[in-house]
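Asker: Respectively, the protein sequence lines represent chains A and B. First residue of the first sequence? That's 1 in the numbering used here, and the numbers climb one at a time after it. First residue of the second sequence? That's 1 in the numbering used here, and the numbers climb one at a time after it.
It should be emphasised that the hints constitute simulated quantities derived from the structure, not laboratory data. Ideal Cβ placement from N, Cα and C applies to all residues, glycine included. Do not rely on the hints blindly, as some may be mistaken.
Example chain B residues on the side facing chain A (calculated, C-beta under 10 angstroms, incomplete) [unchecked claim]:
(1) His-32
(2) Tyr-33
(3) His-40
(4) Asp-229
(5) Thr-230
(6) Ile-288
(7) Val-349
Straight-line alpha carbon distances no greater than 27 angstroms define the calculated BS3-like cross-link-like pairs of lysine-lysine that follow [said to hold, decoys possible]:
(8) Lys-52/A / Lys-290/B
(9) Lys-85/B / Lys-128/A
(10) Lys-104/A / Lys-85/B
(11) Lys-64/A / Lys-359/B
(12) Lys-90/A / Lys-290/B
(13) Lys-331/B / Lys-351/B
(14) Lys-6/B / Lys-85/B
(15) Lys-50/A / Lys-290/B
(16) Lys-262/B / Lys-290/B
(17) Lys-85/B / Lys-64/A
(18) Lys-270/B / Lys-64/A
Non-contacting residues of chain B with respect to chain A, defined by C-beta distances greater than 12 angstroms in every case (computed) [stated by the list, open to error]:
(19) Ser-35
(20) His-156
(21) Ala-264
(22) Gln-274
(23) Arg-356
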Amino acid sequence: MTTPANLKYTNSHEWVKQEADGTVTVGITHHAQEMLGDLVFIETPAVGRKLKQGEQCAVAESVKAAADIYAPLSGEVIAANAELADAPDKINRDAYAAWMYRLKPDNPGELAGLLDAAAYQAIADAEKH
Amino acid sequence: MTGALKATPLNTVHREMGARMVDFSGWDMPLHYGSQLDEHHHVRRDCGMFDVSHMLVIDVRGRGSRALLSYLLANNVDRLQQPGKALYSCLLNPAGGVRDDLIVYFFGQDWFRLVVNAATADKDYAWLAAQRDLRAPDVSLAARRDLAIVAVQGPHARARVGQALPEAEAVASGLDYFSAACVGETMLARTGYTGEDGFEIVLPAAAAVVLWLRLRELGVAAAGLAARDTLRLEAGMNLYGQDMDESTTPFETGLAWTVDLKAARDFIGKSALQNAAAQRHALGLVLIDKGVMRGRQKVTTAHGDGEITSGGFGPTLARSIALARVPVAVKSGDEVEAEVRGRGLRARVVKPPFVRHGKVLITI
Numbered sequence: 001m002t003t004p005a006n007l008k009y010t011n012s013h014e015w016v017k018q019e020a021d022g023t024v025t026v027g028i029t030h031h032a033q034e035m036l037g038d039l040v041f042i043e044t045p046a047v048g049r050k051l052k053q054g055e056q057c058a059v060a061e062s063v064k065a066a067a068d069i070y071a072p073l074s075g076e077v078i079a080a081n082a083e084l085a086d087a088p089d090k091i092n093r094d095a096y097a098a099w100m101y102r103l104k105p106d107n108p109g110e111l112a113g114l115l116d117a118a119a120y121q122a123i124a125d126a127e128k129h
Numbered sequence: 001m002t003g004a005l006k007a008t009p010l011n012t013v014h015r016e017m018g019a020r021m022v023d024f025s026g027w028d029m030p031l032h033y034g035s036q037l038d039e040h041h042h043v044r045r046d047c048g049m050f051d052v053s054h055m056l057v058i059d060v061r062g063r064g065s066r067a068l069l070s071y072l073l074a075n076n077v078d079r080l081q082q083p084g085k086a087l088y089s090c091l092l093n094p095a096g097g098v099r100d101d102l103i104v105y106f107f108g109q110d111w112f113r114l115v116v117n118a119a120t121a122d123k124d125y126a127w128l129a130a131q132r133d134l135r136a137p138d139v140s141l142a143a144r145r146d147l148a149i150v151a152v153q154g155p156h157a158r159a160r161v162g163q164a165l166p167e168a169e170a171v172a173s174g175l176d177y178f179s180a181a182c183v184g185e186t187m188l189a190r191t192g193y194t195g196e197d198g199f200e201i202v203l204p205a206a207a208a209v210v211l212w213l214r215l216r217e218l219g220v221a222a223a224g225l226a227a228r229d230t231l232r233l234e235a236g237m238n239l240y241g242q243d244m245d246e247s248t249t250p251f252e253t254g255l256a257w258t259v260d261l262k263a264a265r266d267f268i269g270k271s272a273l274q275n276a277a278a279q280r281h282a283l284g285l286v287l288i289d290k291g292v293m294r295g296r297q298k299v300t301t302a303h304g305d306g307e308i309t310s311g312g313f314g315p316t317l318a319r320s321i322a323l324a325r326v327p328v329a330v331k332s333g334d335e336v337e338a339e340v341r342g343r344g345l346r347a348r349v350v351k352p353p354f355v356r357h358g359k360v361l362i363t364i
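With the hints as constraints, model all of the structure from the sequences given.
Answerer: Put into structure tokens, the structure is as follows:
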């Protein structure tokens with residue numbers, strides 16, 4: 001699967017979508033779900049929580065392992081995807097459609113530090129075996 | 001294919017099917033073919049198949065074979081009088097620790113067949129050969145690396161095996177649980193590692209691909225090691241190296257039922273077990289809170305600490321389950337705490353199996 005060009009990425013395998021209203025939507029990449037395998041539990045951050053860039057804020061647990069998910073940007077959590085509680089496998093089926101949470105970023109300067117699709121693809125390719 | 005790993009006769013087929021391959025004890029094996037959860041459910045609801053050719057078949061033949069196995073195995077091969085009968089047993093060391101668990105089949109005419117784990121195959125064979133040299137030099141041992149093993153498991157396994165192997169259909173439909181029969185060079189055993197009905201088919205390596213493809217044509221789903229592990233865990237079956245090893249006795253690992261101390265015969269480990277006073281025993285855990293228990297995590301109980309030996313997720317229960325070694329005073333029904341990722345999560349102690357023949361047996 002090609003890494004969507006319209007998203008930004010972190011080297012911890014989160015994707016970031018910039019919305020028209022200035023908020024961002026966050027999920028984990030196709031490569032991340034492939035490495036994890038079938039997901040069984042997703043823990044999303046509480047709405048209202050204030051996050052610092054790089055802070056551990058969510059968990060994606062698969063049959064084989066638990067993975068910490070990090071905040072790509074500093075900001076306040078404004079929404080969390082409730083569908084993932086009953087259907088964590090939505091992420092396995094389409095990692096870019098199955099968002100995890102939404103953030104109102106409070107430091108626009110941090111956006112520039114995120115990776116573009118090509119840079120993220122290189123990281124993902126290097127990890128594949 | 002990497003040069004260092006061993007390949008089963010089905011390796012090319014697994015790769016063609018897009019399997020995610022992993023190194024399992026030096027073998028290049030399929031972990032899954034897309035979704036381990038789908039494969040698990042398919043086995044419980046319909047029929048799945050596993051390549052388990054990495055396990056080792058050892059043929060033990062000769063007039064001294066019964067006496068030799070009677071001495072080497074903790075379970076009693078004297079129970080195997082009828083050809084085709086099988087027994088699940090531990091191989092113990094002199095301290096009563098478990099060297100391996102295995103199934104032994106009797107085929108009459110002084111012929112016993114063992115199937116041992118891949119991880120311990122070399123160690124087991126060397127141990128058997130050393131004991132044979134010492135005690136029963138007339139007994140022949142043959143490590144059958146010319147054979148493949150395909151496990152077909154699920155409520156429809158019997159029908160599918162009959163359709164895939166018409167020449168063996170009559171034999172398959174007449175086989176009791178935990179029995180086996182040979183049809184030509186093919187051995188069918190009504191055994192398995194999933195808690196469902198099924199057959200383990202031992203056959204010449206050259207015939208494995210044809211069988212696999214025929215089963216696939218009949219709608220049998222290929223299932224990998226990941227599904228094999230969730231199925232056996234739900235079935236309350238031990239995994240050697242994880243739930244027991246050379247430092248644990250059968251009594252501490254839920255395997256007391258496989259040890260025959262009553263008969264007069266001596267066997268390796270017998271006196272150690274007779275003098276053992278187990279402080280811990282094995283039970284199952286079901287997580288009440290959300291999360292997944294993992295092996296080696298600590299268990300806190302009202303009677304002292306224990307530890308999880310195998311932990312994971314039971315797809316049929318849709319909950320985390322585990323096998324654990326806990327103080328003997330801990331019993332089924334107790335509530336305990338499992339230390340999962342730094343937090344104490346609540347778990348219910350249960351007597352395994354968790355699932356059998358597609359049905360959840362335990363209550364939370």
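Asker: Run every hint past the structure and note whether it holds.
Answerer: Against the structure, the hints come out as follows:
no. : hint                  : verdict
1   : His-32                : holds (7 angstroms)
2   : Tyr-33                : violated (12 angstroms)
3   : His-40                : holds (9 angstroms)
4   : Asp-229               : holds (9 angstroms)
5   : Thr-230               : holds (7 angstroms)
6   : Ile-288               : violated (14 angstroms)
7   : Val-349               : violated (22 angstroms)
8   : Lys-52/A / Lys-290/B  : holds (26 angstroms)
9   : Lys-85/B / Lys-128/A  : violated (46 angstroms)
10  : Lys-104/A / Lys-85/B  : violated (68 angstroms)
11  : Lys-64/A / Lys-359/B  : holds (23 angstroms)
12  : Lys-90/A / Lys-290/B  : holds (18 angstroms)
13  : Lys-331/B / Lys-351/B : holds (8 angstroms)
14  : Lys-6/B / Lys-85/B    : violated (31 angstroms)
15  : Lys-50/A / Lys-290/B  : holds (24 angstroms)
16  : Lys-262/B / Lys-290/B : violated (44 angstroms)
17  : Lys-85/B / Lys-64/A   : violated (36 angstroms)
18  : Lys-270/B / Lys-64/A  : violated (38 angstroms)
19  : Ser-35                : violated (6 angstroms)
20  : His-156               : holds (23 angstroms)
21  : Ala-264               : holds (47 angstroms)
22  : Gln-274               : holds (40 angstroms)
23  : Arg-356               : holds (20 angstroms)
Of the hints listed earlier, those the structure fails to meet are numbers 2, 6, 7, 9, 10, 14, 16, 17, 18, 19, in rising order.
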